[in-house]
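Asks: Model the full assembly from the supplied sequences, consistent with the hints where possible.
Residue numbers (the working numbering), protein chains in the order written: chain A, 0 to 278; chain B, 23 to 362; chain C, 7 to 704.
Calculated directly from the structure, the hints in this document are not laboratory data.
Yeah, the Cβ is synthetic: ideal placement off N, Cα and C, and Gly gets one too.
Some hints could be false.
Listed next, the in silico DSS-like pairs over lysine-lysine satisfying Cα-Cα at most 25 Å (straight line) [claimed, not checked]:
#1 Lys-214/A x Lys-107/A
#2 Lys-221/A x Lys-98/A
#3 Lys-289/C x Lys-71/C
#4 Lys-221/A x Lys-107/A
#5 Lys-205/C x Lys-358/B
#6 Lys-328/B x Lys-98/A
For each label pair, taking beta carbons as the anchor points, the in silico distance ranges come out as [claimed, not checked]:
#7 Ala-518/C x Ala-37/B: 42 to 48 Å
#8 Lys-328/B x Arg-66/A: 43 to 49 Å
#9 Ala-251/B x Tyr-14/A: 50 to 56 Å
#10 Ala-251/B x His-377/C: 40 to 46 Å
#11 Ser-243/B x Glu-157/A: 51 to 57 Å
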Amino acid sequence: MNDPTPRRLLLLDHYADGEDARHFSLRIDLPLAADLAVIPGQFFMLSVPGVGEAPFTYVSLPDRSGRFTALIRRMGTLTEALFAQPVGAVLGYRGPFGKGWPLFFSAKRVLVVAGGCGLAPLAGVIDEAISHYLPQRLSLIYGARNADAQVLRRERAEWQQRLPMIETLDEAPVGMRQGSPLQHFGELFAATPPDAVLCCGPEPLMLATAEACLKRGLSSDKVWLSLERRMHCADGLCGHCYLGPSYVCQDGPTYRYDRFLQLQSRYSARPGLQDHNFC
Amino acid sequence: MMQAFSLDRPERLRAHLALDRALYEVRADGQGGTHWQHVSAKDLGAFEHAVEPPPFSAKSFFFAERELLFRFDGGRFYSAMPEVTPQVLFGVHACDLVAVAYQDRFFAADPHYQARRRATLLVGVDCLHSCQGGFCSLLDSGPAVHGDSADLILLPRGDEASDWLLLVASEAGRNALHGLRLPPAECDWQAERVANSHCVAAEQGEQQEVSAGIVALNNDSIADTVWDALGLRCLGCSGCTSVCPTCSCFAPLDRPSGQDGVQRERVWDSCLYEGFQREASGHNPSAGPGQRVQRFWTHKFGDAFKERFERYGCVGCGRCDRVCPGGIGVHGVMHKVSLR
Amino acid sequence: MRVIPSICTFCGVGCGIGLRVENGRVIGVEPQLGHPVSQGQLCSKGWSSSFAIDSANRLTDPLIKEHGRFRRASWDEALELVAEAFRTALDEVGPQSVGVISCARASNEDNYAAQKFARAVLGTHNIDHCARICHSPSVAGLARTLGSGAMTNSIADIDEAELILVIGADVTENHAMIGARILRAQARGATLIVVDPRKTRLARLADIHLQLRLGSNIALLNGLLQIILANGWENRAFLAARCEDIQPLRQHLAGLSVEQTSTQTGISVAELEQVAYLFSHAKSAFTAYGMGITQFQSGTNNVIAVSNLALACGQVGRPGTGINPLRGQNNVQGACDMGCLPNVYPGYQDAADAEVRAKFAAAWGRPQPVHPGLTSLGMTKAALAGELRALMIMGEEPVLTDPDQGHVARALTALDFLVVVELTLTETAKFADVVLPAASFAEKHGTFTNCERRVQRVRQAIAPPAMARCDWQILGELAARLGYPGMAWSDAEAVFDEMAGLTPIYSGMTYAALDRQHGLQWPCDVEHPHGSPLLHGQGFPIGRGRLLPVSQVEPDECPDADYPFAFTTHRLHFHYGGGSMTRKSPLLERETPAALLFMHPDDGATLGLRDQQAVAVRSRRGYLETRVHLTDDVPPGTLGMPYHFREAPCNRLTNDAQDPVSKMPELKACAVAVEPLPLGRTPRMQAGVLEVSDDASV
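Replies: Okay, structure coming up:
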């Protein structure tokens, strides 16, 4: 049976990490076995009691004492209330949910493409690769609007030392790479064409990345995205996160691109419908 | 093979079942409406076997409109479960029972739904005639109550002077009859039911538009402009999702709960609302009303869903046609999408 | 689980609704099959009713304000304080210094009690309600042309109409079940013509949409009528038999050319001629109109222009026709019927008529005031001038819904004493000295009268929360404390029976009769024991209908160099009034972000604005910040805002230029300027005008 009741989650600490974003340190009061087996790309539901609940991804995965971190951007009522919580506050936790990134594939070279806050769901994969649990050579390209909007600055500082990594900014100062990650694909694909691509960021960026990969000869079963959707139950029941006949909270949030295309109805894929470019 | 009994009057069965259960029946309210209402054990009112299903289905008995999920006192979270007492729904139409069975599957892992469901005995009743807008025959959801969707099944007879028939469809149904002495049925009730089903099917007609619409929908051959035109007529009233017996979307409602605590309820929601999928960032995968209308009908008639549930989400009750102010209930929509 | 049949508490359509009650709580609603108006359907507001009256944030005890903060009090203490305040004002100044604003959402019983309290207990005709800012021009205008200000036909007449003309009403959004009926009529072949400066949903679905320039109503109506007269398309038989001389009107319009009309309205000559032809030739044309006609400084004359057109074409007094103002609130028709207007007693009996006053004096045992009463806006002005000292407001939100919010706030602050009777602590209630908790529509028995004059039974489904009481009970107790025992009714039915005995148009009604027939439409008396679905079938109350020449008047404040945009106000489907009830639904609240400024994409491009960008909006009255929503719903040059959101009260911007006859303020037109906010600034959305603590706890 599902259990919609949250478990106690303690707010240990937080620091500013990006524009209107914070890196939260959290601890599940009584971690369960499932919490200790989180796969990068999975998500948890965080409750601010009396206000609401929303899905967020893990940056660092829960350790034995239930500690983990998350990168959260202030966007609406719930995150507004979360940012007002003091250290030590009791919050609610349900998780882990969904399907994480594929970790064992035959691919030799994996390109990770991240935009804005989309870097956060990929942090776990990058950390795994660095600790040599994965045989692939993983490289990262990270785009953001400007330097202030970049997140995970501590993690990035470490990653710079450990794996091939490119950062690019829409509003780049002199000397820094300019433009969206897509604008550097030519270079990336020429140098070391990837066998697989993991992408996370604003949906238009992810879809454009996927299409760009296909144009460069990658097949759609070698590209993965992580979708964001409004979620309430995380059990595939409340209906909000639907993607065709699939529920993103259960079959996702990571989707292989060919599956995504299958699920996307022709109408939903129609361009021109309002889509605000945030994060 | 179901056991069949002869039942002189359904009121006798009702009185028996009401002895140790809260009993609910569809009753007229004197103002033209009919509703599922609690009926006391001493109630002597005649069992009105209405042809029209009540505008509001039995869905809310299990998938409650307001369901308390948990409370929080500042320190701990406390699960909340509904207080359930044994109850019986007396006289549920075949379509609504198929819908309950559908939701039983959908909510299989939901403790709140199951708590309410397990406390409920279902007494179905076959329909001898079609309701005005129904098309259960096309969708295999009636007029005969499916044996695996009820505990007991009442069979009215074409000749009103004859006794009713009562079928035992489950163990719980059999147990519920203890203490009630009923003679076994002597007639070929299976043949009667088959004849009756043919009769109702004939009344409902071929329903070509619905069949053609289902095909068009699954072929993905309906132009966006068609959905857009339908979307313009959707007021977002949430009537369809409220009365549809297989709709199941819900939203959380977090509120203070009296003594310095807070609580979360879940409440019925509707995928036709513009805000249904809108994220905090403003991104909305179903921002257009035409998309949302398409989504609703794909959920009811799409093959992918049919595979999962082994039947369509629509049970042909016709309630959406009646409740929609924009005229885009099932027949309104199927008419438009099945046009070449 | 029980289902109690009742009537929806939101708009003036008056839909049948079943309240689902479990464990003493309304947990949901069901549509009512067989209801003559709603026919088994509801709109999103109706479906959200259980949230609207939910116990969360309901007032449970009387509140008294001390040192700027509210504290709980007993009924005894609170009522004594109120009585004392009114007594003081009456003693020191007199009945001119006190007033009552009653409630277009409360029941007929509540409203009857309110005007009786004003007249018999306080001795004043200072009684009014929000019809002033809604359909007062209909009451005034149609009283002059027909003799009666209510919808002349019934909603069911839509089913019989060959042509439906909708002017200045966003029917699918605000009277959704009537909109649904209109769409069904169109589906079976009726021609639908919509006149609206905005591209509303109904306009988009219509056969013809006349997107006229904001505020050019009379120019259009006069223009159409002149085309009809010039072609001899008017209904001569009807005019001869039923109307007074059309000559003055004919002369008045004679010089009007169709090109002039086209220029004034922005509508093509071809479309004008087509609509004129269709309307005059339709066998039965149903004309419906709303705030887009009334909320102007020429509101009364706008209504007269509509009436002229309908009379000239004989589209009144027969099935499928009619002049049909769509009343906004669930009981605004009733509040007017009950005489909660300064110039009339219940049933529109003239307060200036000595015989009428004598009748009520005899019935109530108190001499009746002679001095004419003030309208709500008049009371606002009098408060500012220090002449109005004590005011009771029942269930209305002038701080959000009246024009020029700053003005309203200053007026309420200027009062010596303000008592507000409400369900929740609204923005208006925050200004009060005493707040009294009221019972909602689901917590009492009573009646509502919908826009087609149908009086329907509202039935109690649950108990009121804690100490809350019905408005009529509260008034009865206050009356007793002020020395008047004649309002101590035992139940709502007793109030209704007393009222019916004094109100000719209601005289044939009883609760039992209302139960039997899904309500009764007034007049319901000896001649019409089953009520009157159709008015004016034989004659008009004034005898012959009058065709009165009226002329186009531009809005008081038109765009200029400083304030270059025309600004109009409107409603959204999902919210109602000041939002105090609909915003309690998590689904409706989620639907629309708090406040939006509707702007045409061309204007957005000119100003360099993106959709959802934060903007500042200024008028000569006030300033607010919100986000812009680019849509072709509004024409270029015109901006629109809904008034439901206390965080961005658009009535800070509107002006109160008034219709001289009905005192209706021109809520539909003024001028504003727009600027983007600096990058990164989020709009400052701040409810209310003054800093009043909204902490209603001790």
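Asks: Verify the proposed pairing of Lys-205/C with Lys-358/B, using a straight-line Cα cut of 25 Å.
Replies: holds, 24 Å
Asks: With the threshold set at 25 Å, check whether the alpha-carbon distance from Lys-328/B to Lys-98/A stays at or below it.
Replies: holds, 24 Å
Asks: If I claimed the Cβ atoms of Ala-251/B and Tyr-14/A lie 50 to 56 Å apart, would that claim hold in this structure?
Replies: holds, 52 Å
Asks: Please verify whether Lys-221/A and Lys-107/A have alpha carbons no more than 25 Å apart.
Replies: holds, 12 Å
Asks: Note whether the CB distance of Ala-251/B and His-377/C lies within 40 to 46 Å or breaks it.
Replies: violated, 59 Å
Asks: For Lys-328/B and Arg-66/A, compare the CB-CB distance with the range 43 to 49 Å and indicate the outcome.
Replies: For Arg-66/A against Lys-328/B, whose Cβ atoms are near 45 Å apart, the range 43 to 49 Å holds.
Asks: Would you mind confirming whether the straight-line C-alpha gap from Lys-214/A to Lys-107/A stays at or under 25 Å?
Replies: holds, 20 Å
Asks: For the pair supplied as a hint, Lys-221/A and Lys-98/A, is the alpha-carbon distance within the 25 Å limit?
Replies: holds, 16 Å
Asks: Determine whether the Cβ-Cβ distance between Ala-518/C and Ala-37/B falls within the hinted range of 42 to 48 Å.
Replies: Between Ala-518/C and Ala-37/B, where Cβ atoms are some 32 Å apart, the hint is violated.
Asks: Return holds or violated for the Cβ distance of Ser-243/B and Glu-157/A against the range 51 to 57 Å.
Replies: holds, 53 Å
Asks: Checking one constraint from the list: CA of Lys-289/C to CA of Lys-71/C, max 25 Å. Satisfied?
Replies: Not OK: Lys-289/C and Lys-71/C at ~61 Å, beyond 25 Å, violated.
Violation of the numbered hints given earlier is confined to hints 3, 7 and 10; the remaining hints are satisfied by the structure.
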